[in-house]
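Chemist: Sequence:
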Amino acid sequence: MAIERYKNMKKIIIFTIILYVLTLCIPYFANKSSKKTPPTPENHIALYDTKTKKQTSIPFDEYLYYVVAAEMPASFHTEAIKAQVICSRTYSLKKSKSSAHPDGSDMCTDINHCQAYTNDEELKALWKENYNYYKNKIKSAIKDTKDMIITYDNEPIDAIYHSSNNGYTENSEDVWQKPLPYLKSVKSPDEGSPNFNFTYHISCDDLFNKVKDKYKNATMSKGIGKITYTKGKNVKNINLYSVDISGVELRKLLNLKSASFDIEENENTVKITTHGYGHGVGMSQYGANTLAHQGKKYNDIISHYFKDTKISKKE
24 MAIERYKNMK KIIIFTIILY VLTLCIPYFA NKSSKKTPPT PENHIALYDT
74 KTKKQTSIPF DEYLYYVVAA EMPASFHTEA IKAQVICSRT YSLKKSKSSA
124 HPDGSDMCTD INHCQAYTND EELKALWKEN YNYYKNKIKS AIKDTKDMII
174 TYDNEPIDAI YHSSNNGYTE NSEDVWQKPL PYLKSVKSPD EGSPNFNFTY
224 HISCDDLFNK VKDKYKNATM SKGIGKITYT KGKNVKNINL YSVDISGVEL
274 RKLLNLKSAS FDIEENENTV KITTHGYGHG VGMSQYGANT LAHQGKKYND
324 IISHYFKDTK ISKKE
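Here the sequence shown is numbered in this note's numbering, starting from 24 and rising by one per residue.
It should be emphasised that the hints constitute simulated quantities derived from the structure, not laboratory data.
It is possible that some hints are incorrect.
[As the list claims (entries may be wrong)] Quick list of simulated restraints, FRET-style, between CB atoms:
| no. | residue 1 | residue 2 | range |
| --- | --- | --- | --- |
| 1 | 317 | 251 | 26 to 34 Å |
| 2 | 292 | 159 | 27 to 35 Å |
| 3 | 148 | 235 | 25 to 33 Å |
| 4 | 227 | 72 | 38 to 46 Å |
| 5 | 144 | 285 | 14 to 22 Å |
| 6 | 232 | 202 | 19 to 27 Å |
| 7 | 98 | 244 | 44 to 52 Å |
Backbone N, C-alpha and C define an ideal beta-carbon position, used for all residues, glycine too.
Let's have the full structure, built from the sequences with the hints guiding it.
Modeler: Put into structure tokens, the structure is as follows:
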């Protein structure tokens, strides 16, 4: 009996020790897990670099500087750059709260997921002798618009922007099927864009094969059919080789600069002339630059492209 009691007591002691050790390990594993997404200091942003696959915490204004430097030509009018700063700030704030990023980051450096991003080495190579001038120009625009964001009904908007268009911006629902009251088609002075007109030539056979690869019911006997247009004068739908294709889809399929295009079929080739560069929704960067040179201030530019919004201070 004494031996049995001893064995039972030994088991109890061993179990107690194991339980105690596990209790001590819980905080360790909890802390180790939390280190994956460390809390960022106030006015900092957790940025995931898609090239290095690492997350860093940097001051938000520093992040904003590299975004604006990558997104808009630094030679543009100061008022256009201020408008871009406010758009990028608003976009970042909205995106960081509503979209998933690797390692729980606030934003990433992938232009297709967040915004364009650059670094000093690339900027020095791009700007050359103008490096210090352009750097100070953008940083001054950030300082002059400190904490300003675009709001609608007291909430940050989707501050979408693009390079240029055909002279009109697009309704959001004509590109992404989601109507937003402040992203409506407006006139835009984009004639100065280097991509206002761009011509592609493709053989009829190559075009048919590209369409056939994606749409199996395409037939060579039918060429270019009916074309319909959006309010922003982009191609809404086109009947091509007996298939109805949206302008947005054809842009992706052929890697066109925009969904605003003229298409003309000759004997063996198809000529496509696009107008503008980008999706066409929200603020046009080249349009903003033209408006600035016409005497418009950054707030005028923003109110032109984002209807019924206001500029507020982020909390």
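Chemist: All hints, please: hold or fail.
Modeler: Verification of the hints:
1. 317 <-> 251: 26 to 34 Å: holds, 33 Å
2. 292 <-> 159: 27 to 35 Å: violated, 49 Å
3. 148 <-> 235: 25 to 33 Å: Given about 43 Å between the Cβ atoms, the range is violated.
4. 227 <-> 72: 38 to 46 Å: holds, 44 Å
5. 144 <-> 285: 14 to 22 Å: violated, 41 Å
6. 232 <-> 202: 19 to 27 Å: violated, 36 Å
7. 98 <-> 244: 44 to 52 Å: holds, 50 Å
Going down the numbered hints, you'll see the structure goes against 2, 3, 5, 6, while the others check out.
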